Amino acid sequence: MNTIDLTLKIWRQKDNDSLGNFETYTLRDITTDMSFLEMLDVLNENLTKEGKEPVAFDHDCREGICGMCGAVVDGVAHGPDKEVTLCQLHMRTFNTGDTLVIEPFRSRAFPIRKDLVVDRSAFDRVIQAGGYVSINTGGTIDGNAIPISSETAELSMDAAACIGCGACVASCPNGAAMLFTSAKISQLALLPQGQPERKKRAQAMVQQMDAEGFGHCTNEKECEMVCPKGISIRNIARLNREYMKGILMGE
Amino acid sequence: MWFVSFVKSSIGKKIIMATTGLLLILFLAVHAFGNAAIYMGSKYFQIYADTLHGFPVLVLIFGLGLLVLFIAHISVGTLLFLESRSTRYSRYEVNKRVVENTFASRTMPFTGLFILVFTIIHVFGFNIAAPAGVPISVTVKEYLSGFFYSLFYIVSFVALAIHLNHGFWSMLQTFGVNHPRYNCLIAKLTIIVPVFFLVLFGGIPIYFMTGAGSAY
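Residue numbers (my numbering), protein chains in the order written: chain S, 5 to 255; chain U, 55 to 270.
To be clear, the hints were calculated from the coordinates, so they are not data collected in a lab.
Note that this is a predicted model, so its numbers are computed, not measured.
Be aware that one or more of the hints could be misleading.
Once the Cα atoms are required to be at most 27 angstroms apart in a straight line, the calculated DSSO-like pairs of lysine-lysine come out as [to be verified]:
{"id": "1", "chain 1": "S", "residue 1": "K203", "chain 2": "U", "residue 2": "K67"}
{"id": "2", "chain 1": "S", "residue 1": "K203", "chain 2": "U", "residue 2": "K62"}
{"id": "3", "chain 1": "S", "residue 1": "K225", "chain 2": "U", "residue 2": "K242"}
{"id": "4", "chain 1": "S", "residue 1": "K53", "chain 2": "S", "residue 2": "K18"}
{"id": "5", "chain 1": "U", "residue 1": "K150", "chain 2": "S", "residue 2": "K118"}
{"id": "6", "chain 1": "S", "residue 1": "K13", "chain 2": "U", "residue 2": "K67"}
{"id": "7", "chain 1": "S", "residue 1": "K86", "chain 2": "S", "residue 2": "K18"}
{"id": "8", "chain 1": "S", "residue 1": "K86", "chain 2": "S", "residue 2": "K203"}
{"id": "9", "chain 1": "U", "residue 1": "K195", "chain 2": "S", "residue 2": "K225"}
{"id": "10", "chain 1": "S", "residue 1": "K225", "chain 2": "U", "residue 2": "K97"}
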């Protein structure tokens with residue numbers, strides 16, 4: 005079993021109002037089969053034994069589908085591995101003697117709650133602004149009653165793969181939430197069920213996105229590169245079209 | 055008011071940048087067409103210049119339109135630059151970009167500023183403060199035969215090419231043009247378009263600097 009020794013520089017911050025700073029920790033004999041979060045678990049166990057405050061970090065399913073975990077490792081959201089969340093990043097990616105700088109996802113719209121935990125409820129409010137379909141009456145429609153081509157269904161599913169982790173915002177030089185918002189708009193805009201509210205949706209969600217303090221898109225493609233679900237910026241192009249249609253030709 | 059919320063929104067500002075950018079590229083194309091006459095000799099360039107300025111009202115109207123485009127592109131661009139400045143630098147202890155080749159996109163505000171400085175000097179040199187009574191073809195030949203004047207022009211055109219390299223692609227993305235069927239072509243155009251302008255415009259100072267254009 006391979007083991008590695010690591011030095012960790014982790015951002016410690018008591019709460020949103022406190023000033024934070026980096027603390028350095030050393031870890032010995034970390035099994036390379038461990039996930040990144042398991043490595044942090046080992047650190048926290050050590051800290052608890054020493055009577056120190058463990059490092060707070062978000063996590064839930066630990067299988068890369070819930071969107072709860074995330075931190076910036078050595079300047080890259082979710083770490084150096086492609087298309088994985090932090091919990092699916094494994095320690096075999098690193099070498100013994102490495103120093104890892106671990107920072108929370110930073111954005112004006114994501115206040116830091118504690119250490120690596122950030123409040124991403126701004127995303128929820130963007131969804132509340134229009135990321136839904138209203139079905140006000142009638143019984144449940146049969147699954148195959150509305151024909152959709154498989155290509156369209158696939159594109160919609162690709163967009164729906166977004167787990168809302170916030171890596172796009174964290175990695176964007178402008179702190180924009182365009183990839184997230186575009187995925188949430190695309191999954192509905194592509195399907196027949198999303199049509200009635202289509203023109204209003206893009207406007208409402210973009211307005212909320214701006215109000216939350218997210219930045220604007222300068223087409224740097226950074227979000228696409230770090231997205232653990234491989235959401236394409238083609239969705240951002242679709243969002244731009246949706247927004248134009250909505251604001252220029254909406255009722 | 056739809057227009058107010060359009061201008062206030064982040065995407066609205068980007069669409070203004072893209073639209074004015076597209077129109078400025080169209081202006082560049084027309085400008086490059088006229089300037090290309092110089093490669094056939096100063097006589098032909100003078101004919102083009104005289105013909106163009108034979109329509110003073112049209113030149114005035116289109117000139118003012120161009121000024122409006124410029125001001126819109128620069129002011130909205132500056133606004134976006136200032137908005138993003140707070141988040142753009144030193145957010146993280148380790149700053150790293152996963153995307154390779156970000157030079158053009160990172161330097162957009164600076165190449166833009168350089169083009170603005172160039173435009174002011176260019177308009178003053180060849181239009182507002184051009185020597186009176188001298189044909190424009192002679193002024194061009196005199197100015198661009200100077201080494202430093204020419205060098206400044208070439209550097210400006212390089213800045214323009216870098217600006218267009220990201221700007222052209224960014225414009226299409228903002229307009230929502232992103233489809234696997236065309237992305238390969240678009241990727242080629244992000245090189246072809248800037249190089250086209252760089253060769254056509256940058257060739258003129260080289261043409262005079264090297265003395266190739268002095269005989270005509």
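**OP:** Against the earlier hints, flag every one the structure doesn't satisfy and list their numbers going up.
**Re:** 6, 7, 8, 9, 10
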